[in-house]
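Engineer: If you want the building blocks of each chain, they are given just below.
2 protein chains.
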Amino acid sequence: MALIVQKFGGTSVGTLERIRAVASHVLDTQAQGHQVAVVVSAMAGETNRLVGLAHELHPIPDSREYDLLIASGEQISVGLVTLAIHAEAERRGLIKRGDIRAVGLLGHQIGIRTDSVFSKARIHAIDSTTLEGHLKLGRIPVIAGFQGVDPDNNITTLGRGGSDTSAVAIAIALQADDCEIYTDVDGIYTTDPRICPRAKKIEKISFEEMMELASGGAKVLQIRSVELAAKYRMPLHVRSSFSPVEGTRVVHQDLLGKALEQVVVAGVAADASQVKFTLKRLKNDSELLAKIFGELSNAAIVVDVIVQDIATDGTMALSFTVGQTDHLKTRDILNKLRDTVLPNVVVEDRAPLAKVSIVGVGMQHHPGVASKMFGLLSAEKIGIELITTSEIKISCLIENARMKDAVNALHRGFGLDA
Amino acid sequence: MALIVQKFGGTSVGTLERIRAVASHVLDTQAQGHQVAVVVSAMAGETNRLVGLAHELHPIPDSREYDLLIASGEQISVGLVTLAIHAEAERRGLIKRGDIRAVGLLGHQIGIRTDSVFSKARIHAIDSTTLEGHLKLGRIPVIAGFQGVDPDNNITTLGRGGSDTSAVAIAIALQADDCEIYTDVDGIYTTDPRICPRAKKIEKISFEEMMELASGGAKVLQIRSVELAAKYRMPLHVRSSFSPVEGTRVVHQDLLGKALEQVVVAGVAADASQVKFTLKRLKNDSELLAKIFGELSNAAIVVDVIVQDIATDGTMALSFTVGQTDHLKTRDILNKLRDTVLPNVVVEDRAPLAKVSIVGVGMQHHPGVASKMFGLLSAEKIGIELITTSEIKISCLIENARMKDAVNALHRGFGLDA
Chain Y
559 MALIVQKFGG
569 TSVGTLERIR
579 AVASHVLDTQ
589 AQGHQVAVVV
599 SAMAGETNRL
609 VGLAHELHPI
619 PDSREYDLLI
629 ASGEQISVGL
639 VTLAIHAEAE
649 RRGLIKRGDI
659 RAVGLLGHQI
669 GIRTDSVFSK
679 ARIHAIDSTT
689 LEGHLKLGRI
699 PVIAGFQGVD
709 PDNNITTLGR
719 GGSDTSAVAI
729 AIALQADDCE
739 IYTDVDGIYT
749 TDPRICPRAK
759 KIEKISFEEM
769 MELASGGAKV
779 LQIRSVELAA
789 KYRMPLHVRS
799 SFSPVEGTRV
809 VHQDLLGKAL
819 EQVVVAGVAA
829 DASQVKFTLK
839 RLKNDSELLA
849 KIFGELSNAA
859 IVVDVIVQDI
869 ATDGTMALSF
879 TVGQTDHLKT
889 RDILNKLRDT
899 VLPNVVVEDR
909 APLAKVSIVG
919 VGMQHHPGVA
929 SKMFGLLSAE
939 KIGIELITTS
949 EIKISCLIEN
959 ARMKDAVNAL
969 HRGFGLDA
Chain S
559 MALIVQKFGG
569 TSVGTLERIR
579 AVASHVLDTQ
589 AQGHQVAVVV
599 SAMAGETNRL
609 VGLAHELHPI
619 PDSREYDLLI
629 ASGEQISVGL
639 VTLAIHAEAE
649 RRGLIKRGDI
659 RAVGLLGHQI
669 GIRTDSVFSK
679 ARIHAIDSTT
689 LEGHLKLGRI
699 PVIAGFQGVD
709 PDNNITTLGR
719 GGSDTSAVAI
729 AIALQADDCE
739 IYTDVDGIYT
749 TDPRICPRAK
759 KIEKISFEEM
769 MELASGGAKV
779 LQIRSVELAA
789 KYRMPLHVRS
799 SFSPVEGTRV
809 VHQDLLGKAL
819 EQVVVAGVAA
829 DASQVKFTLK
839 RLKNDSELLA
849 KIFGELSNAA
859 IVVDVIVQDI
869 ATDGTMALSF
879 TVGQTDHLKT
889 RDILNKLRDT
899 VLPNVVVEDR
909 APLAKVSIVG
919 VGMQHHPGVA
929 SKMFGLLSAE
939 KIGIELITTS
949 EIKISCLIEN
959 ARMKDAVNAL
969 HRGFGLDA
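Chains Y and S supply the protein sequences, listed in that same order. Going by this note's numbering, the residue at position 105 of the first sequence is 663; the numbering climbs one at a time, nothing skipped. Going by this note's numbering, the residue at position 119 of the second sequence is 677; the numbering climbs one at a time, nothing skipped.
Please note: incorrect hints may appear among the correct ones.
A pair counts as met if it fits within one copy or between any two copies, since identical chains are not told apart.
Straight line, CA to CA, 27 Å or less: simulated DSS-like cross-link-like pairs of lysine-lysine [as the list claims (entries may be wrong)]: (1) Lys694 - Lys654; (2) Lys849 - Lys654; (3) Lys759 - Lys789; (4) Lys887 - Lys939.
The hints are simulated quantities; they were obtained by calculation from the structure and are not laboratory data.
Take these sequences, add in the hints, and give me the full structure.
Structural biologist: Next comes the structure, spelled out in structure tokens:
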């Protein structure tokens with residue numbers, strides 16, 4: 559008997575029909591002799607609907623109230639999935655009407671404690687007592703993903719895709735054997751199949767590669783959830799809620815087969831929602847840099863690529879990228895800084911740009927990967943705005959309109975089409 | 559400076575435009591020098607949407623999960639109204655962007671403690687500390703109506719219209735000066751204007767009359783909210799969120815003018831959502847009655863009219879009515895009893911029926927009101943299925959299709975058309 563955490567994303571609970579299928583699947587797993595805890599996202603479209611309403615009322619909604627508002631989406635899924643499990647368990651004769659087989663639980667009810675960084679909160683602790691109590695009674699806890707409470711009992715949310723992180727954190731707290739992430743695709747692909755039709759499903763991938771793919775824009779898993787899983791070596795299984803086939807297992811590098819080390823590039827990631835900010839005529843003073851990024855960090859804005867250069871007149875030019883959701887907030891902060899501590903500095907922003915990345919653990923042992931990447935893009939006449947690299951990833955910022963061409967060229971060029 | 563609780567119903571927060579109007583109104587009240595606490599319902603249609611989804615998944619949804627599900631409707635309103643107040647306060651220059659003028663609060667966050675009767679929970683206590691703290695800082699608490707938490711921190715709801723009860727309970731906990739109930743009509747009418755076009759707005763009405771009108775089917779205020787207001791003599795002001803005119807004040811009987819004592823019938827109430835159950839061939843045994851109503855009470859089913867009669871063969875016939883929402887649950891319980899402790903008993907149900915009632919404190923000093931009522935119905939050839947009376951109310955159960963005729967005849971017959 560294993561203890562399995564099953565997380566169902568927005569499309570997996572997007573309709574009542576899908577919710578019934580989830581209920582069926584969860585009870586099937588239990589029937590195989592396993593204990594199951596379920597984590598759910600909001601129904602597909604629900605979070606966007608609520609976000610849209612919030613922004614119609616206020617251009618930059620207060621993040622505490624914003625979190626309180628959008629956390630309701632997961633609450634709805636929790637109620638519906640629990641009711642569907644009851645109905646299916648009755649239909650199968652597992653329980654009589656009125657008996658309890660599943661219990662819906664919100665963040666504050668199982669002590670999912672987070673910090674107070676609204677909309678991007680991080681989980682500090684989960685009290686597993688309540689969950690373990692229900693599991694011991696043969697009940698299926700159905701838990702709201704994406705949400706927690708801060709030390710003052712304010713409702714917090716973990717950021718887009720945060721339900722993955724909830725699932726991993728709950729799996730760790732429960733010392734689960736497996737954490738299954740059910741989504742609308744049947745695994746992790748060498749690149750986004752909607753962009754490149756020759757993309758192929760990956761059978762096994764290391765935590766590190768998965769993190770780089772996710773930070774490069776692969777939307778299947780939230781990067782923080784992979785970081786967390788890597789830290790505690792919690793194996794993930796990304797699979798489709800629409801099909802019974804095996805998905806992609808995300809595991810520790812030691813568990814990858816030898817053959818995989820020969821692969822230089824494991825995947826190509828693309829992220830279209832990038833904004834590039836440029837500050838010109840900055841004084842060449844690292845204290846200013848600390849000030850700028852300190853203010854952005856205080857506002858919980860995640861800065862991605864950073865590039866800095868010295869102009870011929872001795873002033874500094876600084877460029878960096880943020881996600882599109884932080885566009886206005888970032889501009890506000892930079893304009894405020896310009897009006898106070900950064901006189902004469904020019905603030906420019908450019909959007910939408912795309913980041914394309916190649917990822918692979920084999921890359922560190924193969925020279926010339928970067929130059930090959932630039933060559934492939936150049937052959938397509940795609941200009942590169944910014945470059946950033948890590949040990950197992952190279953990313954280029956390019957024009958949004960050329961993203962598809964870039965991904966296909968890189969996928970083919972690095973032998974992933976084969 | 560007064561402390562005012564303002565409760566906004568589903569239509570008052572039914573669209574973003576209406577929510578902006580609510581924000582404006584709340585800030586206007588504050589600008590007049592008052593402290594304001596706001597209680598909100600779910601956006602019109604939202605609760606019905608969620609109830610519909612629940613029933614599609616399960617014919618008799620588990621009430622704990624049902625409450626967890628539908629409580630999300632008020633949560634959405636809380637977030638949106640708070641954001642709208644922020645936006646309007648910024649527009650008026652009352653605060654700078656990022657400052658706090660309103661704070662959204664859910665039941666569990668301000669200690670709205672209830673019993674564990676899901677879907678019909680009763681409030682035991684409210685911890686006013688958090689609310690008072692915000693009010694002292696000049697902030698407007700925006701509170702989710704309809705919801706609370708039981709001693710095990712399960713989410714409970716107070717039943718349809720429960721937000722009125724939330725508002726009154728919060729007004730009492732805060733020792734507010736006034737509790738304003740904003741709705742889609744501009745006050746309490748002598749009867750439902752949609753049924754009888756000659757209905758007139760009542761300026762002032764006693765708590766007792768209001769309770770009888772509400773229990774007779776007037777949907778403007780939930781009866782429990784009036785009971786609670788009466789117990790603590792919390793004055794209510796029922797008014798329209800669409801118009802600035804004075805509404806109806808619900809006050810202690812001592813505060814009604816002398817002239818009103820001359821009015822025999824203050825209003826006519828009608829309630830179309832009634833189900834009549836009849837049990838035939840019951841043994842004439844009061845223990846059985848205790849058993850039957852005990853089971854219904856355990857399931858938190860509110861029984862309205864009860865009539866009992868002895869047949870010529872010495873067996874007992876028992877009829878009673880419940881609300882339409884309890885139809886299936888009641889039938890289930892009665893069938894289960896028939897199969898165990900009530901052999902040979904016939905269980906019948908009839909729906910939809912309507913209850914029409916006349917209400918007035920003057921009634922107790924005027925004989926012949928009942929016979930006049932029966933005469934008026936008889937003249938319209940409307941059959942009476944059941945009769946029940948209180949000191950200030952007489953109710954008749956009739957065919958649903960004749961409800962409109964009955965209300966109009968009674969409104970005219972008791973001089974309310976004038």
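Engineer: Give a verdict on every hint.
Structural biologist: Consistency of the hints with the structure:
For a Cα distance limit of 27 Å, the shortest separation of Lys694 from Lys654 inside one copy, 19 Å, qualifies, whereas the shortest one across copies, 52 Å, does not. When the C-alpha separation of Lys849 and Lys654 is checked against a cutoff of 27 Å, the pair qualifies only between copies, where the shortest distance is 22 Å, while the shortest distance within a copy is 63 Å. For the homomeric pair Lys759 and Lys789, the shortest alpha-carbon distance inside one copy (25 Å) is at most 27 Å, but the shortest distance between copies (68 Å) is not. For a Cα distance limit of 27 Å, the shortest separation of Lys887 from Lys939 qualifies neither inside one copy, at 33 Å, nor across copies, at 70 Å.
In the structure shown, a violation is registered for the earlier hint numbered 4 alone.
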